[in-house]
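Trainee: From first to last, the protein sequence lines stand for chains A and B. Quick note, the numbering used here runs 10 ahead of the 1-based positions in the first sequence. Quick note, the numbering used here runs 63 ahead of the 1-based positions in the second sequence.
Just so you know, these hints were derived from the structure itself, not from any lab. Don't take each hint at face value.
Unchecked claim - Some chain A residues close to chain B (C-beta under 10 Å, calculated; not the full set):
| id | residue |
| --- | --- |
| 1 | 63 |
| 2 | 91 |
| 3 | 95 |
| 4 | 112 |
| 5 | 113 |
| 6 | 148 |
| 7 | 170 |
| 8 | 178 |
| 9 | 201 |
| 10 | 274 |
| 11 | 287 |
| 12 | 364 |
| 13 | 365 |
Everything numeric in this text was worked out from a predicted model, so none of it was measured. Ideal placement from N, C-alpha and C gives every residue a C-beta, glycine not left out.
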Amino acid sequence: MTEQALSDVRVLDLSDNVAGAYCARMLADYGAEVVKVEPPLHGDPARRVGPFPADLPDPEKSGLFIHLNGNKRGVTLNVASKAGRRILKELAAGADVIVETFSPGYLPSLGLGFADLRPLNPALVMTSITPFGQSGPYRGYKASEAGVFAMSGRMHPHGLAERAPLPYAPDVVWRQVGVTAAAATVGALFGARLQGIGRQVDASSLEALAGNVDNRPLFYAYTGVKTPRERWPGGIPQGAYPCADGYVVFGVGYDVYFRRLCDAMGRPDIFRDPRWASIQARTRNAEEFEAIFIEWLMQRSKREVFELCQAHRVMCAPVLSFEEMLQDPQLKARSFFTTLDHPGVGPLPAPGFPFKMTRTPARERLPAPLLGQHNVDVFCKGLGYSRAEMARLREGGVI
Amino acid sequence: MSGAAVAHPLQGVRVLDMTEVWAGPMAASLLGDLGATVIKLESFPRPSLTRLKGLSIGYSDNDPNAPRPWDRAALHNMANRNKRGVTLNLRHPKGMDVFRRLAGKVDVLLTSFAAGAAARLGVDYPAVSRMNPDIVMLSMSGWGEEGPYKGYSALGSALDGFTGHHAMRGYPDTDDSTTPIIQHADAVACVTAAFAVLTALHHRNRTGEGQWIDMSQVESFLPHLGGVFMDYAMNGRSPTRLGSRHRYLAPHGCYRCRGDDNWLVINVSSEEEWLSLCRVTGHDEWARDPRYTDPISRLENQDSLDEAIQGWTLGKDKLEAMGLLQEAGVPAHAVLDDADLYNDPHLKARGFFKKLNHPVVGERDYPGFLWDLGDGPQEPLPPSALGEHNDYVYGKFLGLSTEDIQALWDEGVIGEEFPPETYDVA
Numbered sequence: 011m012t013e014q015a016l017s018d019v020r021v022l023d024l025s026d027n028v029a030g031a032y033c034a035r036m037l038a039d040y041g042a043e044v045v046k047v048e049p050p051l052h053g054d055p056a057r058r059v060g061p062f063p064a065d066l067p068d069p070e071k072s073g074l075f076i077h078l079n080g081n082k083r084g085v086t087l088n089v090a091s092k093a094g095r096r097i098l099k100e101l102a103a104g105a106d107v108i109v110e111t112f113s114p115g116y117l118p119s120l121g122l123g124f125a126d127l128r129p130l131n132p133a134l135v136m137t138s139i140t141p142f143g144q145s146g147p148y149r150g151y152k153a154s155e156a157g158v159f160a161m162s163g164r165m166h167p168h169g170l171a172e173r174a175p176l177p178y179a180p181d182v183v184w185r186q187v188g189v190t191a192a193a194a195t196v197g198a199l200f201g202a203r204l205q206g207i208g209r210q211v212d213a214s215s216l217e218a219l220a221g222n223v224d225n226r227p228l229f230y231a232y233t234g235v236k237t238p239r240e241r242w243p244g245g246i247p248q249g250a251y252p253c254a255d256g257y258v259v260f261g262v263g264y265d266v267y268f269r270r271l272c273d274a275m276g277r278p279d280i281f282r283d284p285r286w287a288s289i290q291a292r293t294r295n296a297e298e299f300e301a302i303f304i305e306w307l308m309q310r311s312k313r314e315v316f317e318l319c320q321a322h323r324v325m326c327a328p329v330l331s332f333e334e335m336l337q338d339p340q341l342k343a344r345s346f347f348t349t350l351d352h353p354g355v356g357p358l359p360a361p362g363f364p365f366k367m368t369r370t371p372a373r374e375r376l377p378a379p380l381l382g383q384h385n386v387d388v389f390c391k392g393l394g395y396s397r398a399e400m401a402r403l404r405e406g407g408v409i
Numbered sequence: 064m065s066g067a068a069v070a071h072p073l074q075g076v077r078v079l080d081m082t083e084v085w086a087g088p089m090a091a092s093l094l095g096d097l098g099a100t101v102i103k104l105e106s107f108p109r110p111s112l113t114r115l116k117g118l119s120i121g122y123s124d125n126d127p128n129a130p131r132p133w134d135r136a137a138l139h140n141m142a143n144r145n146k147r148g149v150t151l152n153l154r155h156p157k158g159m160d161v162f163r164r165l166a167g168k169v170d171v172l173l174t175s176f177a178a179g180a181a182a183r184l185g186v187d188y189p190a191v192s193r194m195n196p197d198i199v200m201l202s203m204s205g206w207g208e209e210g211p212y213k214g215y216s217a218l219g220s221a222l223d224g225f226t227g228h229h230a231m232r233g234y235p236d237t238d239d240s241t242t243p244i245i246q247h248a249d250a251v252a253c254v255t256a257a258f259a260v261l262t263a264l265h266h267r268n269r270t271g272e273g274q275w276i277d278m279s280q281v282e283s284f285l286p287h288l289g290g291v292f293m294d295y296a297m298n299g300r301s302p303t304r305l306g307s308r309h310r311y312l313a314p315h316g317c318y319r320c321r322g323d324d325n326w327l328v329i330n331v332s333s334e335e336e337w338l339s340l341c342r343v344t345g346h347d348e349w350a351r352d353p354r355y356t357d358p359i360s361r362l363e364n365q366d367s368l369d370e371a372i373q374g375w376t377l378g379k380d381k382l383e384a385m386g387l388l389q390e391a392g393v394p395a396h397a398v399l400d401d402a403d404l405y406n407d408p409h410l411k412a413r414g415f416f417k418k419l420n421h422p423v424v425g426e427r428d429y430p431g432f433l434w435d436l437g438d439g440p441q442e443p444l445p446p447s448a449l450g451e452h453n454d455y456v457y458g459k460f461l462g463l464s465t466e467d468i469q470a471l472w473d474e475g476v477i478g479e480e481f482p483p484e485t486y487d488v489a
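Please put together the full structure from these sequences, using the hints given.
Mentor: Shown next, in the form of C-alpha cells:
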C-alpha cells in the first residue's frame, strides 16, 4: 500500500457529535492515525442518535456514528478523573493534533488546556471547535445547529418572504464547520512542522458560516440593501422547474446562457423575441416564458432535459433521490460510493471521499470503532500500561 | 504589539489562483489568510462572471454607472482578500509564455475551468506538470474531470439539486419549485479545496512530490448528507422536508417576534430545557398541561405548542427573548439579518469584521476570518482592482524587465480596464 498524505500525523479526537468528529474523519480519510477518545459507559452521544437498523436504538449500530467515525481507532477515557488526566497528558505528548469540542474553559479547568499541554509538546496543534468561539459574550451560550445557522446571517434570506426562514438539512451546517476546522488544522500543522510552532485553532462555528458566504452581508455594506427572503431575484430561469418525472434546477441569467437554452429547446426564436431579448426583459416577462418552458419540460424526463441542456452548455442538474444517485453513471464511473463494513450493521453503501488525490488517495481502512475497542492497543501497546493496571482503571471507571 | 513579525504557517508558500466565482477564489483567500503569497490571475480581456456587467451583484453605493464597475461588485470583492491581482490573456502567445514562467515559480495552482477548457488553453495538469513537476494542482468542477459528465457545468444551486439537498430543505407543504435556491455547494467546496491543497502540501513537504487533485463539488458535499443517507441504506427511508421541525424533538421551531420580519429559533432537547422555557415565558401551566408532559406528547401536539410559544415571542424583541432564554439555559437564537450581523456585540468583541480599503470602492467592513490561530490581529490585503498588481507581480515577483512589461500592456496581453466589446455584453 502506498503511503497516504497524512500517514505521519497522529490525531487525538476528543470531540463528540458531528462537527469535531467529521473534522477528525477528514484527517483520517487521507491517512492520519486517529484515536477517538469517548467517555466510558455511554460513549459519544452520537451513538444514541439514529438512524438505526429497523429503528431499534443500539449504541453500536448508529448510522450517524458509524459514518462519522470510520478510519479511527477508539478508546474510552474519563478525562475528568485524576488517572484520566494523567493518561490524556501521555497521549497528548505523542500527538500532533488534538481535536476537541468541549465548552470554552472546560479543559483548562481540568489542567488540560492548550497552555497546560503545550509544554509537554511544543509543536502541538489543538483544534477547539465550539459554536461561538473561545471568547466573546456568547461563548457560554447553549447552541443548536439551526441556532448557530440563524445567528450567522445565512438563515434570514433562506425561505419565502411571508413565511419563517428555513434551516438546511440536518447536520449539513455542522459538517461544513468540521471541514473548515480540518482546513485550519492542516494549515496550523504546516507551521508546526516547518517552524516548530504549536497553535490553538479557535474554530468558531458562527464565524465558519458567517465568513464563507457568496456576497452577503457585503452586498449590504456596499449598497445598504438587505438580502431579501424570496426566490432568486436575478434573470430567469433560476431555480427548480418541474418536468415529466421530477424537477431540474437551472441557473440561467445572462444572455449567453439563455441563448443556449433556447437552442437546446429548439426554439432560437424565443431569444429573438423582444419580450425575452435581454435579462431585464426576461425578468419583466418571466411568467410568459416560464409557461412555454414548463410545457417543453413536461414532455421530457429529467435525464433527457439534463443531457440535452448540458450538450448545449446550459448550467443545470436534476433533483435526484439517493436511489438515483447510487445508479448515476458519473458517480459509478468515478467509484464514488464506498462500502462501510461495520460489525454492528454489515456492509452498507455510503457516500465516499470529498476529493481525489491522484498520488495519495483516500481509503476506507477501518470501520468505526466499537466502544473501547482499541483500549488494549492504545493503552498497553502504545503507552505501556500492564493488563493489571488496565483492570484497575476499568474498575475505577477511568476507562 | 511587540512589533516582531509573526511567522504565519504558510509563509513562503506561493499560490496561483485562476478560479472564478466563489468557491475557488475564497479557497485561495483562505490560503492567503494562513500566510501564503497568493496571485490571482484573471482572464483578460474576457471578464470573469463576477466582474461581468449584470444584475444583483451589489455595486458599491448601489451605482452600476460609476467608473470601473467591474471593481465595484460585492460578489467579486467578497471572495478575493489577501491576494495580488493580475490580468493575462492566455490566448496570446506572449500570455502563454508569462503563464509558463508563473507556473514554474509557484507551489500551488487552483483552477475551476469546465472540464476540457483547461486542456484547450494548455493549462491542464499534464501541461502544467511539464512546466513544474512538483506543483500541487487542484481542479474543481461540478462533477469531476473524468467520467461521462466531463465538461458538464452548473452553479452551486443545481449541484444542491443533484445531491438531493434541494428536496430536503423546503417547507413541508410545498414542492421543489418553491424551495429557494442556495449556493451552499460552493461554501463547502471552498473549505474542502483549502483542506485538499494543504493536505497535498503536507505530503510534498515530506516527500518532495507534487500531485493533481480532481475535486468534484458534488462529491465534496454528498458525504455531508451521511446521516440521512445511512437511514436510506439501513431502512430504505428517503428524507422528508421538515421545515424548522425535528424528527424526534419538540418544541423545535422558528418563531415570529415583535417588529418587522424578526424571528427566533428555539430548539429544546431536554426536560431541563423544557421546564426552563415554561418558567422564563411565565407559562408554568404548559409543564402541567397533559398535552405537553413528556417528549412524545410534545411532539404529537407541536402544532398547538408552537402556537403557544409564538404567542409569547410575538410580544418580545428577538434579542431580548434570546437573552432571557439563554440566561435560563434554553437554546434560543435570534435569526440575524445583514444589518444585525454588523451590529452583533459578539462578532464585534471578537473583531470579526475587517475594515479594508479597496482602491476603487474605498473603506468598507468585510466579513473576516473563518478561524483564529492566535497570532494576534491580522491586516488582510483588500481585494485588488482589475490588474492592480500587474507591474509588481510581473516585475518584482517574476523578474520581467520594464520593457517587456510595457510590451504586454501595449499589446493588450495585460490590462486594467475591460474594453466595451468584452464588457457590455450581458
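Trainee: Report the numbers of all earlier hints that the structure fails to satisfy, in ascending order.
Mentor: 2, 3, 4, 5, 10, 11
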